[in-house]
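Asker: Spelled out from the first residue to the last, the chains are:
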Amino acid sequence: MSDTEAAEEKFAVEVRAMSKWYGDFRVLHDINLTVKDGERIVICGPSGSGKSTLIRCLNHLETFQQGYVSVNGHELNEGMKNVEAVRRDVGMVFQSFNLFPNLTVLDNCVLAQRKALKRSKLEAREIAMNYLERVKIPEQSDKYPTQLSGGQQQRVAIARALCMEPKIMLFDEPTSALDPEMVNEVLDTMIGLADTGMTMLCVTHEMGFAREVADRVIFMDGGVIVEENKPDEFFDNPQHNRTKTFLGQIL
Amino acid sequence: MTEILQWLFGEFYGNMLSVLLNATQWTIYLSLTAFIGGGLIGLLFTVLKIVPVRWVQWTATTYIWLFQSIPLLMLLFLIGLGIPAFFKVDIPPWFAAGVSLTLFTSAYMSEVWRGALQSVPQGQWEGGKALGLTFMQILTSIIAPQALRVAIPPTVGFMVQVIKGTSMAYIIDYNDLMRWGKKIANSQIDGAEPFIVYPIMAVIYFSLCFPLSRWSKAMEKRLANS
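So the protein sequences, as listed, match chains B and E. According to the numbering used here, the first sequence is numbered sequentially starting from 1. According to the numbering used here, the second sequence is numbered sequentially starting from 1.
Just so you know, these hints were derived from the structure itself, not from any lab. Careful, some of the hints might be misleading.
[Said to hold, decoys possible] Heads up, incomplete: computed chain E residues facing chain B, CB under 7 angstroms, no partners named:
1) Val56
2) Gly123
3) Glu126
4) Gly127
5) Ala130
6) Gln137
7) Pro145
8) Gln146
9) Val160
10) Gly165
[What the hints assert, rightly or not] Straight-line C-alpha distance at most 25 angstroms; calculated SDA-like pairs for lysine to any residue:
11) Lys167(B) x Glu126(E)
12) Lys143(B) x Lys221(E)
13) Lys81(B) x Val51(E)
14) Lys121(B) x Gln146(E)
15) Lys115(B) x Pro145(E)
16) Lys182(E) x Glu11(E)
17) Lys81(B) x Gln122(E)
18) Lys167(B) x Glu39(B)
19) Lys81(B) x Trp125(E)
20) Lys221(E) x Lys81(B)
21) Lys115(B) x Pro121(E)
22) Lys143(B) x Val51(E)
23) Lys118(B) x Glu126(E)
24) Lys118(B) x Lys221(E)
Ideal placement from N, C-alpha and C gives every residue a C-beta, glycine not left out.
Construct the complete structure from the given sequences, taking the supplied hints into account.
Answerer: Take a look at the structure:
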C-alpha cells in the first residue's frame, strides 16, 4: 500500500508514536497501532506491560504525554474539551464490571441513554431490554447488580455499553475477575458481538477466544508492542523470545 | 403550656420550666439554621473539593481547613463582638450566632461528605465516564446516592454536636436555653440553685440530642445489614 492510500484510509483507531509516563516511569513507549472499522484486536502480555493503560488511553480514562491518538476521527489530547462525545462512541467493559449498585440492572442500562443521549424513557427502556435479551438476561432486569453472579454482572456491563450503540468496544480483561465456570458465558457474549461486525479491542489472556475471534493479536511487554500478527501465525510461529516465553507460560 | 406545667410541677417549677422551654425553641431555631445553612454551604464546598480543577480544590481546602481550625467560641466572639466593635456596625446576636454555627458546621460537614464520596470506588467514576456521562451527572446519579449510606451516621452524629454547640451562643447574649438557664441559676432565688437548674437544662438538651443519637444508631445498623 502506498503512503497516499494509507493516509486516505479511515481508521477506527489510530495511534502514532504515543508515549505515556507516570512521573519518571515510562509506561507506554512509542506505540503505533491502527485499527480498521470492524477489526477485532486482542492485546495480551504480562501484567504491567501497559496493555490496559493503552486501551484506557483510547477513551481518555488515561491521558498520554506524547504522540497522536485519534478515535473515530476525534483527535484525543490532554485537557481536551467535550471528551464525553468521544466516550459515547466508545464502549468499555471493565475487569471489575463497574456496574452501579444503587441502580437496578435495567436502570444501569437506561441511565446514560437518558442523560448522555437524551433518549426518552420509553425508548431507553426498550433499547435496554433489547440488549439485555441479546446477552440473555432480560429476566434479571429488575434485580440489583449484587444479586447476580459475576458472569451475569459482566454480561449486564456489556449490554449497558451496547445500549449507547458505540462504534468501538474496549474490553479490559473482562473475564479475569470471574470464577472459571463463568468465563465462557461472557466469552460467548463477546463472540456473538464480534459476529455483528463490531470493532473490538480486547485485553485478555483467553487465547482460545483470540484464536477464534481476533483478526490480529498484539503482544505487549514493558510498555512496547513487541509483536503483532494474525492469530494462527502468532500462536504457531511466534517471532520474539519474549512472546515465546509468555506463550509458554500461559498455554 | 404554662398552666399545664404549673399543674404538673407546682407554680414555681412550672414557671421555671415554662421559661426554659420557651428559651429552648431558640436553641432549636439556631440548630436548624446551622443544619440548613451549614448543610447547603457544606454541600457546595464538598463539590468544590472534588471538582477536578486544582485551584478550586485548593480554595475549598483552605476554607475547610480555616473554619475547622478555629474554635467555635472564637468565631462567636469574632463575629458577635469583634466585628461590631471594630467596624462600628450592629450585628444582632441571633445573626452572629447563626453565621458562626453555619461556618463551623459547613466546614465539618464538607469534610465528612468528601470522605463519604471518596469511599465510593474509583471504578464507579470510570464506569460513568466510559458511558459518556459528565462529572456532575456521575456525581449526582451514581456517586452521591452510594455515598449517602456512608455519610448518614456521621452527619447525624455531628448534628448532636451542633445542638450542644449552640449553648456557646449565650456568650454573645443569644437568648437560648443556656442563657436563660444561667440567668435563673444566678438569680439567688431559693429553689433555683445552679445544682437544680443545670440538671433540668441537661435533661432538655438530652431530650433534643438523644432521639438523634438513636436515629443515627438505627441508621447505622440498617445500612450495615443491607
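Asker: Take the hints in turn and mark each one as holding or not.
Answerer: Hints versus structure:
no., hint, verdict
1, Val56, "15 angstroms, violated"
2, Gly123, "4 angstroms, holds"
3, Glu126, "6 angstroms, holds"
4, Gly127, "3 angstroms, holds"
5, Ala130, "4 angstroms, holds"
6, Gln137, "5 angstroms, holds"
7, Pro145, "4 angstroms, holds"
8, Gln146, "5 angstroms, holds"
9, Val160, "27 angstroms, violated"
10, Gly165, "33 angstroms, violated"
11, Lys167(B) x Glu126(E), "19 angstroms, holds"
12, Lys143(B) x Lys221(E), "23 angstroms, holds"
13, Lys81(B) x Val51(E), "15 angstroms, holds"
14, Lys121(B) x Gln146(E), "23 angstroms, holds"
15, Lys115(B) x Pro145(E), "16 angstroms, holds"
16, Lys182(E) x Glu11(E), "20 angstroms, holds"
17, Lys81(B) x Gln122(E), "22 angstroms, holds"
18, Lys167(B) x Glu39(B), "11 angstroms, holds"
19, Lys81(B) x Trp125(E), "18 angstroms, holds"
20, Lys221(E) x Lys81(B), "44 angstroms, violated"
21, Lys115(B) x Pro121(E), "21 angstroms, holds"
22, Lys143(B) x Val51(E), "32 angstroms, violated"
23, Lys118(B) x Glu126(E), "20 angstroms, holds"
24, Lys118(B) x Lys221(E), "38 angstroms, violated"
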